[in-house]
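Number of protein chains: 2
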Amino acid sequence: MTVTLHVCVTCRAGQSPREGETALGARLHSAILEAGVPESVNVVPVECLSACSQGCSIALSAPGRWSYVYGRLSDVNAPDVVAGAAAYAAASDGIVPWRSRPEIFRKQSLARIPSIAVVPETAE
Amino acid sequence: MTVTLHVCVTCRAGQSPREGETALGARLHSAILEAGVPESVNVVPVECLSACSQGCSIALSAPGRWSYVYGRLSDVNAPDVVAGAAAYAAASDGIVPWRSRPEIFRKQSLARIPSIAVVPETAE
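Chains as they are written, first to last, in this note's numbering: chain C, 102 to 225; chain V, 102 to 225.
Any given hint might turn out to be false.
As the list claims (entries may be wrong) - Facing chain V, from chain C, some residues (calculated, C-beta under 8 Å): (1) Ser151; (2) Ala163; (3) Ser168; (4) Val170; (5) Ala212.
Stated by the list, open to error - Computed spacing ranges between beta-carbons, pair by pair: (6) Ser216(V) / Ile196(C): 14 to 24 Å; (7) Ala136(C) / Thr123(V): 44 to 54 Å; (8) Ile196(C) / Glu122(V): 26 to 36 Å; (9) Pro215(C) / Arg207(V): 17 to 27 Å; (10) Pro139(C) / Pro164(V): 35 to 45 Å; (11) Gly121(C) / Arg119(V): 51 to 61 Å.
I should point out that these hints are in silico values taken from the structure, not numbers from a laboratory. Ideal placement from N, C-alpha and C gives every residue a C-beta, glycine not left out.
Chain C with its partners taken away, still in its complex shape:
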């Protein structure tokens, strides 16, 4: 299944960037693309995941699956982010066995959200 990897590209991780300096989130985004992303992972930049105090942050999501948000990341974590996203895409239900998750996914979870139970609107 193709999954979505949202990367906050505006994150400053609590730091004030110097003039002309690239935001830490944008650096993480670039490093993820440079790490080589499989076709099963659709990388989407986003302005703010509202996890500013725990940035840099990313989110993994796909239809019918739990969504996951991870934080306290930097560009050095890019290869692990890609590996974790690829494992999420490869798992038939999106639930990767605990031990197969990168350490940053085991220790730096900010939140997870169950898939939406689709509630049919009342027919009139």
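Take the given structure of chain C and dock chain V to it, following the hints.
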């Protein structure tokens, strides 16, 4: 639109509950139901939103909308959670004007996730 309000009912918010004591998350869940939830909000209990260090936590989500996760909540916040969830349901795109959000939603965001861009699988 009917939206989903996930409430972590296992959250202990970093505390060790005494024997026989109801988990803080379960107390929040009960308080939300007692506060009176509109039909537009589908309350779904869930075991762990993986935001344990920032509990109690809830998540708001709906098809085609941003999902939001809030934390550092307790049962006294139940009326505000319901008001915020109702506003999310009532907003045509799920984006409630900043000033119309309850203070706990403005100040206690853990994360937000964009709606999933549906990527069609390649036709064989």
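Hints not upheld, ascending by number: Going through the list in order, the structure violates hint 10 alone and respects the others.
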